[in-house]
Every structure is written in C-alpha cells, then in structure tokens.
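As you go down the protein sequences, you meet chains A and B in turn.
Under the working numbering, residue 434 is the last one in the first sequence; the count climbs by one each step, no gaps.
Under the working numbering, residue 103 is the last one in the second sequence; the count climbs by one each step, no gaps.
It should be emphasised that the hints constitute simulated quantities derived from the structure, not laboratory data.
Mixed in with the good hints, there may be bad ones.
[Said to hold, decoys possible] Once the Cα atoms are required to be at most 25 Å apart in a straight line, the calculated BS3-like pairs of lysine-lysine come out as:
no., chain 1, residue 1, chain 2, residue 2
1, A, Lys-374, A, Lys-328
2, A, Lys-209, A, Lys-374
3, A, Lys-423, B, Lys-67
4, B, Lys-67, A, Lys-328
5, A, Lys-207, A, Lys-374
6, A, Lys-328, A, Lys-423
If you're wondering where the values come from, they're calculated on a predicted model, not measured in any experiment.
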Amino acid sequence: MNTLGRRQFLKLAAVLPALAALPGLARATTAPPRVVVVGAGFGGATVAKYLRLWGGNIDVTLVDANARHTSCILSNLVVTGELAMSRISLGFHALRTRYGINVLQGRALSIDAPGNSVTIRTPGGNQVLPYDHLVLSPGIDFSPAPGNWNPSLTPHAWQAGAQTTLLKNQLASMRNNDVFVMTVPKAPYRCPPGPYERAAVVADYLKRKGRTGARVIVLDANAGITAEPEAFEHAFNITHAGVIEYYPNASVESVDSATRSIVTSAKSISRAKVLNYIPDQRAGAIAASMPLDSAGFVPVDPLTYGTADHPNIHVIGDACAVPATDSKAVPKSGHMANAEAKICADAIIRLLNGETPDEDIATGSACYSPITNKISSWLSANFAYGDIFDANGQVKGKGMHRVDLGEAASDMIDGDSYQDMFKWAESLFADSFG
Amino acid sequence: MNTTRFTSAALIGATLLAAGLPAGADPGRLLAAQCAQCHGTNGAGPGFDEIAGENANDLFGELIEMKYRPVEGIMDRQARGYSDAQLQLIADFLSTQPGNGDN
Ligand SMILES: Cc1cc2nc3c(=O)[nH]c(=O)nc-3n(C[C@H](O)[C@H](O)[C@H](O)COP(=O)(O)OP(=O)(O)OC[C@H]3O[C@@H](n4cnc5c(N)ncnc54)[C@H](O)[C@@H]3O)c2cc1C
C-alpha cells in the first residue's frame, strides 16, 4: 500500500532529516524518484511521455527490445500495399529529446519485486535497473499452438514488423483460385475488430488485382463476429460476397505450417496458398510473472493500474485486465493503451506526492476499420469508474463500466471515415510518440 | 500494510518533497488528456479540429450539443462518455491551453 494520507505524510516528512542521516538513505532525499517503463509501444511510450510532461523531475527510463516500435495500427493496409512500412515505424527521438526520457534498447528478463529492480539484457550485457515504480506495457504473447506452427513460414502478423512484410509478400504471390485462410483468436485478444478488418481488406485486394476465384476463408474460434457485427456481416455478405467465407465456432485443433494446413472443429483446410494463423493470446511474458486471470492477463486496480501483490508494479495496455461488468470487458486497443497510460502516469505522480489517486476518471477507445481501400467503419467505446456487475446483476466491485449509451458501432461505412482514420492515427501516433 | 513498504512509501514521498515535483494537478487535466488521442497533446493537434485555447463556454456548449443530439458521428459517441460536470472541467482546462493558432 503506497498511499499515504496527507497528515501521515507530513508526520513522516518531519522525521525525514533523521532518516536521511542513516547510511544508504541519502539518495532518497536528493535524487529524483525513478520510474522504469518496459515496452515502448502505445502504452509504454505514452506513460513515459506523460510522466515527464506532468511529473517534472521524475527520472524515467523506457526500455524496448527494438530500436523503433512498429505499429499494428494501420498495419493491415501495409499488408495490402496501400501504405509503406515507414508509415507505421515509430521512433523514440522526440521522447528522448523533447521529454528527457532515457530510452534503453534491451529486453527485460526478470523482476525482483521485493528488491524493486528489473534486469535488462542489452547488447552490452545485463543491467539491473532499480525503480520506485515499474510500469509494464509489453503487449501480448501467443498461447502455444496445437500442432506444428512456425510463424516464419505461416505468419500471424499480429505483432507488426517483419511479420507484416512476410504476410504482404505472401498475399502478393496469390494467383487466381488461390485460398487465403485466417483464424480469429478466442476473445479476449488484441484489437477485437482487427481480424475481420484484415479479411475485408485482403478480399478487396484480391478483387482489385483481378484474382478470379481467389477466396478468403475466416475460421473464427468465437461463436460469432466479436466486434461491429453489423458492419462486418455487411462487408462479408454484401461488399465482398463470394470472396469471403466465414465459419464461426472454429476452434483450432492443429496447425501445420509446412503444408499450410489447419484442422478446426468447424472446417479444415489443406494446402492453402496463405495460412494466416493468429493464435490465442495472453499477457507479454514479462508481465506474466504477475498473478494472472484465467485468460492469462494481469488483473489491475483501475485507478492506478497497480497489481494486487505489488502496488508499485503497474501493468497497462493489452497485457492488463481491467475489472469490468461480466461480458463488457475493456477492449485491447492502442487508443485504450494510451488512455490507460495517462491514468497510470497521473496516479504514479499522486502516489509519489503522498496523495490518493483520482477517482473522476474516464477511458475510451476509438477505432477505424477499413472495409476496402476507399471506405471504413468506426467503433467507439467509453468507460468511467464505478460499480461493476456480475452475470446476475449483483454489484461485484469497482471497475470501469461502459457509459456511452448502447452499442456504438458506426451507422456510416463511408469514404469520410476512411479519411478520418488517417487523421486519427496521425494524432494518436503523435500523442504517444511525439 | 507491512513496515518495509510503509517506510519505502515514506521515502518516496520525501524524495518528491526534496525534488519539488509539481504538486496537485489542474482539475480537468487528466480527463482532457483523453481528447488528445484525436486532437493532439493538450488539444493542440495534429489530428481533428484543434481544441486548445478555445473559449470555455463555446467548447462546453459544443460538447453538450454533441452529447444530446442523435448520433451523427464519432464525436457524438465520445461526448456521451462523460458527465456534464466532466465536460465542463474538460472545456475549462482546454481553454487555458496554448493552441497553434489555427482553430
Ligand atoms: C492488425 C491490427 C490492427 C489494429 N488496429 C488498431 C486500431 O485501429 N486501433 C487501435 O486502437 N488499436 C489497434 N490495434 C491494437 C493495438 O496495436 C494494440 O492494442 C496496442 O499496440 C497495445 O499497446 P501495448 O502498449 O499494450 O503493446 P504494444 O504496442 O504491442 O507494445 C509492446 C512493446 O513492448 C516491447 N516489449 C515486449 N516485451 C518486452 C520485454 N520483455 N522487454 C523489452 N521490450 C518488450 C515490444 O517490443 C513492443 O514494442 C491493432 C492491432 C492489430 C494486430
């Protein structure tokens, strides 16, 4: 429990000069507090930036395994060749120079929670970074695949970068009558509309390239389309009728990358031209050292994103599970990771100041899903802090609950939304990395 | 609450006192930060309309109009995500922010 009431805090502040005289405690009275952030994607970049923007003197170190972050957002349009890879490659220059963040390239290997330090493997050897608060935003890892799955033969492209390029090249190699097979992972997974969006833009690509008879087969582990069902049913059954085949309740039994074959409970395919198997997901490995929920994500306090056992270890973005009313989970999106990062940054600053976290908080997600290379739908969801309910309608505690009145799928799938998508992405990229 | 954590919390607090971190946030700052995903950090772009430095009453009026009219676009949905009191705090905060002068 790091929260101190103001009175307690003043009392403690009064005894501090005495404490500072003790050996080994001198740093505490002179050096700025240290926050280490692991993962420089949408959550991690934003929390580091806002800690410096709002927290003045905090010493912030941002660690990422890569020298640049490759955004999943807009990456389906890189797969279809609409956008260049450079469009989704985001550097850390502004975070370094404009905000004074120490950016360290390396992989976080382990956390010593009692000792408040994290070990990072860097090209120059291991470094142990001490922290007052640690924020983890590592995104997702994949659950083990049944069968013989090799992502360098049959890409997921659900973490962007080399995987995106591989899928793009495989799509470009498709000819008439070829089959593109993809899976939709079991919820919860990163970006609920993302797989359906991919099916739509891949179908659109095949039509525009004149690949007669080429098909997109969607094998969905869920009982139905998990996001914007009306928009995507329209996309599958009308806009791309005859190109997309959709199978719900298709839980994957085995995958074989060498032959690009897949067996599911609803439909099996051998020797597809492209097999885009997107596995089920769980929290990125470094966050998985925290206690997990049954789906493999880290439950957090929605006011601070602190974890149950360690209030000064925070998990944000795709890796966390925010308490919500049953079946109304907070979606895993980049927009949401950015939203959570700001709440987390504000809470850390308050905790460091001996204040209590703000309860008047809101988070939201907005998302544009291209259906072709000219039109897009949009999705929006907003959450506020308050009571959440179990399946029987009984209050089960505090969490984030939907407040934007009803389902918020777009009523318009149109060219304006397609243009708005680029404005939104430009702004989100700049607010997170610029 | 164990003693070790209590002590470390005290030291963290004390660190801040010595380091002189900004105390107390402007009300509305954290709520308004949720506008930044589409309107830029502190509402100053890039993205959709710049909202920094607009008159607080005008901004509040627009937000209330979007919240209560039938949904025409994504902003009408987003406005429904906040109480009227929260929208007032957001408008007040954004009105104090320097814009780029092109709103
Ligand atoms: C095809 C697709 C389309 C999408 N479209 C949208 C969209 O339109 N809108 C939207 O809001 N969201 C979208 N998303 C979702 C969005 O990309 C994620 O929700 C978002 O990236 C989550 O942010 P994060 O910070 O949790 O993780 P990430 O952004 O994935 O960042 C994680 C970072 O952590 C680093 N990392 C991980 N482990 C370690 C470690 N141990 N040490 C060091 N570094 C580490 C990784 O290198 C990575 O840079 C889409 C996703 C996909 C796949």
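Which of the listed hints are broken here?
-> 1 and 6
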